[in-house]
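Colleague: Each chain is listed here by its residues.
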Amino acid sequence: MATALRVQTVRYGGDDRRLLRMLRSVTAAARQFGDGAAGSALTVAIGDCGGPEGPGAVLGGAALTEAREILTRAGILLDYVAFGRNLGHGAAQNVLAERAAGSPDPGADCDVLVLANPDTYLSPNCLAKLVRVLDDDSVGIAEARQIPLEHPRTFDLATGDTPWASGCLMAIQAAVFEARGGFEPAFFLYGDDVDLSWRVRLAGLRVVHVPEAAVFHDKELMVTGFPAPSLEEEYQTVLARLLLGHRAERPDFVEQWLGWAGLQGSELHRRAAGEFVRRQAEGVLPATYREALGLSKDAVASVTFFHEGEYAEHRF
Amino acid sequence: MPSTASEPGEVAPGRHSEPKRAATYRFSFSWEGPYGHAVRLVERHARRGVVLDLGCGYAAVGEVLRDAGWQYVGGDRDVDAVADIVSRGLEGHVVDLAMGEGLAGSLADLIAGRRVAAVMMLDIIEHLPDPPAVLRELAELSRSLADAQGAPILVTSIPNVAHFDLGAKLVAGRWDVTPSGLLDRTHLQMFTEQRVGAELGRFGWGECGRDDVIMEHSDQWFPVDHPFLVEGGLVHDHFRSLRSAADPNMTVNQFVRAYRLVELPPVSDGQSPLPARDVHPADLEVTGVPFLSVLTRTEARRPSMLTEALTCLAAQSFEDFEVIVLVGGGVPGAVEASVAVVRTFEEGFAARVRVEEVHSDSRAASLNAGLSLARARYVAFLDEDDLVTADWAARFAEGAARAPGKLVRSVSFARHVRHRAREEEALGARPVTLTKPLGEFAERFDALSALAADATPISSFAVPRSLITELHFGFDEELASCAEWDFLLRAASVVGVEDTGHVTSIRLRWEDEHAAATPVPPEVPAGEYLRMFAGLDARPLLLPPGSATGIACLAGNDGLVSARAAHQAELDRALDELRGALAVTQETLRVELDRLHAETAQAEELANQVARLEHRALEAEWARDELLASEFWRLTAPLRALVTFLRRDRRRAGP
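Line by line, the protein sequences give chains A and B. Just so we're aligned, residue 514 is where the first sequence starts under our numbering, counting upward by one. Just so we're aligned, residue 609 is where the second sequence starts under our numbering, counting upward by one.
If you are wondering where the hints come from, they were derived from the structure by calculation, not from laboratory data. Note that the structure is predicted; figures quoted are calculated from it, not measured. Beta carbons: idealized from backbone N, C-alpha and C, even for Gly. Hints should not be assumed to be uniformly reliable.
To be verified - Selected chain B positions facing chain A (Cβ under 8 Å, derived; list incomplete):
{"id": "1", "residue": "S912"}
{"id": "2", "residue": "C920"}
{"id": "3", "residue": "A923"}
{"id": "4", "residue": "T952"}
{"id": "5", "residue": "G956"}
{"id": "6", "residue": "V996"}
{"id": "7", "residue": "A998"}
{"id": "8", "residue": "V1019"}
{"id": "9", "residue": "F1021"}
{"id": "10", "residue": "E1051"}
{"id": "11", "residue": "D1054"}
Said to hold, decoys possible - Quick list of simulated restraints, FRET-style, between CB atoms:
{"id": "12", "chain 1": "A", "residue 1": "T585", "chain 2": "B", "residue 2": "A1209", "range": "45 to 55 Å"}
{"id": "13", "chain 1": "B", "residue 1": "E839", "chain 2": "A", "residue 2": "R530", "range": "51 to 61 Å"}
{"id": "14", "chain 1": "A", "residue 1": "T667", "chain 2": "B", "residue 2": "S970", "range": "32 to 42 Å"}
{"id": "15", "chain 1": "B", "residue 1": "G1013", "chain 2": "A", "residue 2": "E747", "range": "34 to 44 Å"}
Claimed, not checked - Some chain B residues well away from chain A (every beta-carbon gap over 12 Å; in silico):
{"id": "16", "residue": "P740"}
{"id": "17", "residue": "G781"}
{"id": "18", "residue": "F836"}
{"id": "19", "residue": "R951"}
{"id": "20", "residue": "D1062"}
{"id": "21", "residue": "G1109"}
{"id": "22", "residue": "L1186"}
{"id": "23", "residue": "E1234"}
If we strip away everything but chain B, and leave its shape as in the complex, we get:
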């Protein structure tokens, strides 16, 4: 029922009837309320003819439509309400929307061949036990009433349970059912814009006009001192900032929309061609798409650079990713050149690479174009002049598995490169020469330091695509060189950061134009800084736990600084002691290991000696066997027999 006319706790008379409820609300017409908005939609989108107002209650819009030239026909289950309508000179019928199948036929009988301009259902659907059954019947009715001038439109008003007031309180655990309003206790269905679109779309109702009722404060704006409802309160403002990014409906009280029937794809089995209306969590799981979309920008001015970036990607140990090469810059033939580069790779990898032309004049705009093309669960960025290790994508996947939905950050290195000298160029050397590594990017993300300097180049982090799909995150195209930094700070402030701690990317810095010591290249105009921070300042900024101490120290809280220093010194001392103990243990183990090695060597030597002796014994045995088998041994046999005999004889004789 309309929530515009009632205060919480007030039982207002209603305009329609509905099963299981005795009283019918009686609302008066207002151009500011949903009735006025609905009539305006009829005026804008409907032809002349009958306006069939279903669940009309006491027909608040009856006279207005009649006076404006439409034939008003009200339908309601409440006999008293219908009698009231008729008594006012309007046409009224008893109609039970819950009858389900057969409703279309009943309504057609009631229309009796007249031309129907529109069917209205104002604040009715949320009271129905089975809205799809009614919507299907209405679609059937509308199709049956279509003529050469078209078919009747459908005009609905539906309360928005995703109004900001409701959502903010729900975070705090409040769900205030009221006698009327957004959470009218007689509502059987809850609608957000997404559900409205899905339910109507299933049966071919396509939106053709909207005139939503906007209410900064809904009937759910109570208690007014609720911490999350306090205007200017940080939580309130932060929620509003996020919510306004998600969709434009946080102040919509009722979705007042007009729909026309659109063609549905033909189906053979008579079932609805559209998916079931309920959201199944499993349906939302990302399946059939890769884990990662990699966006690679190029202007195709240096094909060898693109080749090397793609080589790094082709060599990844984790292969569940797609690559989108974003060709910008407007260089003639750039797309063809980029496609040619991709085709030089083996088919398995090349099949995972898409080349897309982006018509944008800034890096940020190219990236935004890329974000809209990405399909995977996470998005990472690899410019053509950056290089990555084989575990680059794998580390992102590991981080996302540990902390699903967080921004995943690895460590990046910078390397200085220089342009090739002219004489070297003539001899065909590569355009750049690497000179030295610079470990200038921080190992861990620090939210406070990140405000002072960008230590997370774009090739070293991956963001969940839900930031784009749910909150419409993107790069600020007003910013030039700060756009990526700004994007990182905003994303980190919403979803937090999961560090992988691994070095996985290498950024090139040109020696002849670098100014690596400064956080942002000096050519960035001061205005860019101001613009970026103005954007950050426009809303509350969430910082991770531990930031209070960090900020207090930065802000000059000397007491805390010295207390921390003392605590740090204490920890350092304890650490030193531990290190000392560790060193002693290590040394002991080393000595023990040496002893064991020595013993092992000794044992090996002894074993060798034994083996040698055994071998000698064996050799002696072989020699004896050879001797036994020899001719000499055979010839001297009688002699040995004589000697043996004499010895025996001597033993018998005694010493």
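Isolated chain A, as found in the complex:
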């Protein structure tokens, strides 16, 4: 079946050469995707959250030209959007997806959105494997396997079913993304993938881990064997935890993390907790899953999972 694919990535500063490598990997992956389904079309969308200058500046002219050349040579369209400010990952992805849906250009229509981080490199068969899994209508999201450091989250060895999919590289039915309202923008950088996965599952669709679809994710490892968190990650992960706990109506989890941030957390953790409390006080937190989706508490509890700060059981 011919499938129109739109690979979307959001950048904010970072290494332009890494982004160009990622685009090259998309061109190779597109070949295999194309081989698998005659007439398949592919668009790459880059949402640029960079400002006019500074470390988060927009993609330089030369890099943008090169990006366009890389994709053009492979017959892939580039939809580059400079937002002029940092919208946050989820909001930026939403805008990119809306551009495809709302475009008068028939070529912009897509069946599948592939949401990728700019610090990834797709293995050549990655897209083809993910899209094939999405052929099953029961699957809402298909997630790639990260290398060299595999995500420790559990998955069913036989079916691939997994509690949530990482935003590092996921493929989602465009219709599902639209129907679920895309990402919740309240999550600025982390946790939006968990939130989206849960909402997709709450809608009765499956989230599937695809071990055969490998994607390289650029992470520096600490001597513990795990990636070193960035300062932004320190702040955003705590905020994301609190927001997820709030949406799932788990005050115990929220209290636990507010307490932890106050007593043991770093300054950034405390600031994240403070931000959550501020939003709570001002009544600007996102709606709970129950409110937003009109579901019972039990239905929400059957999908959401909180244990030791994680949202799924881990294999290690």
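Got chain A; can you put chain B on it based on the hints?
Modeller: Frame of chain A, contents of chain B only:
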């Protein structure tokens, strides 16, 4: 001049003349010396005819060659020597090799149409101010004398300044010029095998036979108690061990070689087609080749594994490397399958990957084949079932920039994987599942611990290729699973290790066959250990500074152990104090930071209040303006004028 016949300090009579020297050496013939070796080469490689002996001195080989059936013709600049030759019934001519251009013509005149079998230059070239000029003329002569049966050969004897005795003493700063011998004070040129080959090769002289003079101890073996010349001495033995790996010439006293003219590539400008004879350091700089050659072994049994290893390489932040996929194992179609995997990658990366079939039955042999194919300055290894981070190659490059020529080592992690269960396999799951990370490989290289256990998997280090090109390093193919460990230990012992301190590779360990707690998998036969350590024991082992204490403690030096423990405790106490002070400072800073944050918040609040008040004032102003502009204000204007008038009138009247 021949160094076999003289002792240091002895001025021996010579066999040839040479500019700026009055005396000509007079050596006698010996089958053990360079003359005997040279004659044997003539016997083996030359046809019958004239043997033209240039710089012949007193023609030590004259009678021997004549008696063996050759027509001997000697040539020397020394008139007395030539007269002596002639007086012995031999043909002799006065020849000045330094004449340069025109030498070939002069020699041809002297030959006068006779068939020439060989031209000899025994211990002459090193005395010439411009050897290439002579070699070029001789090549021209040889070509002009060629006939249907071939051309004359050239036989040379040249002293080797790279004899071990010379090199060992030079390390200690000694360079003993002597009246004769390897460092004869009249030598104008110094030759190693490399230079001999280069100088002769330039003019089309290709080696066709050799009978070098081997001398365990040269005339430079003095003083006999020199620390680096002591047989059984550790430095001496270590040098010999390294030198014997580098080339086979450490005991060659003279290179006695025969050469034939070979075809040179045609040139249009009349210049020599070969590079200049001098070595320019800049020429030796590695240019036009990448920094790193990555050797990736595969048997193409699991294409997905090769794909993932290559994906890791394609994602590297540092791109100045080539990849050589070594396909072994003899699986039919393996090369084609591997090429197909490479072609699935984008062209820019795929162009940097070569697929090479290796016909070897061991991992070590595959790696050696790979080493011979590598072109870059450093070589690293990534097996198809290993994975690396994006900074893997960059860390090697950084390490090599900090410590050029050293082995560069990063940190590796192990992860347990298990084979997929049969029912999972049927449903198409991946063959392996990662379970848990094991931080079992040491952060820093420790030369002593490295002898006990291999904590540096092959994917976590890169070696300078100079180890291969200069010392012919390779993996011991007699070893199975210890070959990589053995290679690391030997390489580290020569060039040392530069740690990057970064975790850059992840090795898989199969749960159903692992025995991770032991340094080497238990299935390694005991004999393998013995063989590996026998190899290490065969030569002195260099260890880095600090090893003496380490070994003493390991060997049970209790005094040192307790002294170190006390010193360590002292350091720990000092460290604890520092940590305590640091904690206090951190807390103070934290409190201060909180205060600043609070003040900032307060300041922000005040600023907000001010902004709100300003806004209200602005709103009041707008309201007033609106009022002024309103209909009501206009209609009530007369009334306000009356009120103003009354107020003014009241003020005038006073309270």
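Colleague: A separate judgement is required for each hint: does it hold in the structure or not?
Modeller: Status of the hints after comparison with the structure:
Proximity of B:S912 to chain A holds as hinted, the smallest CB-CB distance being about 7 Å (cut-off 8 Å). Because the smallest distance between the Cβ of B:C920 and any Cβ of chain A comes to about 6 Å, under 8 Å, the interface hint for this residue holds. Nearest Cβ of chain A to the Cβ of B:A923: about 4 Å, under the 8 Å cut. The hint holds. Proximity of B:T952 to chain A holds as hinted, the smallest CB-CB distance being about 4 Å (cut-off 8 Å).
For the restraint placing B:G956 at the interface with chain A, the shortest Cβ-Cβ distance is roughly 6 Å, inside the 8 Å limit, so the hint holds. A distance limit of 8 Å between C-beta atoms decides the matter here; for B:V996 the minimum to chain A is near 6 Å, and the interface restraint holds. Taken as an interface hint, B:A998 checks out: its beta carbon lies about 4 Å from the nearest beta carbon of chain A, inside 8 Å. The restraint placing B:V1019 at the interface with chain A holds, with a minimum CB-CB distance near 7 Å, inside the 8 Å limit.
Hint on B:F1021 holds. Least Cβ distance to chain A is approximately 5 Å, under the 8 Å limit. With 8 Å as the threshold, the beta carbon of B:E1051 comes within range of chain A, its nearest partner Cβ sitting at about 6 Å, so the hint holds. Given the 8 Å rule on beta carbons, the hint for B:D1054 is violated: about 15 Å separates it from the nearest Cβ of chain A. Take A:T585 and B:A1209: their Cβ atoms lie about 51 Å apart, and the range 45 to 55 Å holds.
For the pair B:E839 and A:R530, the beta carbons lie near 57 Å from each other, so the given range of 51 to 61 Å is met. For A:T667 and B:S970, the Cβ-Cβ distance of about 40 Å falls inside the hinted range of 32 to 42 Å, so the restraint holds. Judged by the Cβ atoms, the range 34 to 44 Å given for B:G1013 and A:E747 holds: they are separated by roughly 40 Å. No Cβ of chain A approaches the Cβ of B:P740 within 12 Å, the least distance being about 49 Å, so the stated non-interface status holds.
The Cβ of B:G781 lies farther than 12 Å from every Cβ of chain A, with a closest approach of about 44 Å, so its non-interface assignment holds. Once the 12 Å rule is applied to beta carbons, B:F836 is consistent with being away from chain A; the minimum gap is 43 Å. Annotated as non-interface, B:R951 brings its C-beta within 12 Å of a C-beta of chain A; the closest such distance is 9 Å. Annotated as non-interface, B:D1062 keeps its C-beta farther than 12 Å from every C-beta of chain A; the closest such distance is 19 Å.
The non-interface label for B:G1109 is inconsistent with chain A: the shortest C-beta to C-beta separation is roughly 8 Å, within 12 Å. In this structure B:L1186 is separated from chain A by more than 12 Å, as the shortest Cβ-Cβ distance comes to about 22 Å. For B:E1234, the non-interface assignment is confirmed: its Cβ lies about 31 Å from the closest Cβ of chain A, beyond the 12 Å cut-off.
Of the hints listed earlier, those the structure fails to meet are numbers 11, 19, 21, in rising order.
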